Amino acid sequence: MSPPAGSEEMDLDKFYWAVEKGDVQIVRRGLEAGVDVNVKRDWRHWNDSTPLHVASKYGQTEVAELLIEHKAEVDARAELLQSTPLHWAALMGRTGTCELLIRHGADVMARNKLSVLNPPLLTLTFPPVQIQNTPLHRAALEGHTGTCELLIRHGADVMARAKLYELKVRRHNNGSQC
1 MSPPAGSEEM DLDKFYWAVE KGDVQIVRRG LEAGVDVNVK RDWRHWNDST PLHVASKYGQ
61 TEVAELLIEH KAEVDARAEL LQSTPLHWAA LMGRTGTCEL LIRHGADVMA RNKLSVLNPP
121 LLTLTFPPVQ IQNTPLHRAA LEGHTGTCEL LIRHGADVMA RAKLYELKVR RHNNGSQC
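Its first residue numbered 1, the sequence shown is counted upward by one per residue in UniProt numbering.
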């Protein structure tokens, strides 16, 4: 995409660094220069993350709001683990960012492919094993009570279970030794 007249093209690395560090001015300039707000790319060790994933993980709420104003998808999925920006914000205890995402329609019951018992290596080795955590699982895992309370107030199901738990219960009820 060509940048608008009078603006300069922005390098995606510079843009992603600005998102991570919360530099609203550089992010705004990048968006004005034509950076796709929903671009997916590998950033550090994350696969196919959008700028909103990065802002959410680092709690850059002001940047996240700017991205959403420019039509960032609040429920965008990162490819490998299918995590949403809300998963990342919840895991990191970024309650303010969670609140922003929820206010803009983020799905508090979105499920990814990761759990405590399903690290990325297991996901790569055994793709059919899809545990599917919700943002509430991620926040609880790290002990972020304020974030948990926020998610519950906005409809997160406290009884939701990760798929592996359900599989183990079924096997146990059928007499299996798993």
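Honestly, I wouldn't trust all of these hints.
Using 25 Å as the maximum straight-line C-alpha spacing, the simulated SDA-like pairs for lysine to any residue come out as follows [said to hold, decoys possible]: (1) Lys14 <-> Asp36; (2) Lys71 <-> Leu31; (3) Lys40 <-> Gly143; (4) Lys21 <-> Val37.
Because the hints were derived from the structure by calculation, they are not lab data.
Please read these numbers as outputs of a predicted model, since none were measured by experiment.
Unmet hints by their number, sorted upward, for this structure: 3
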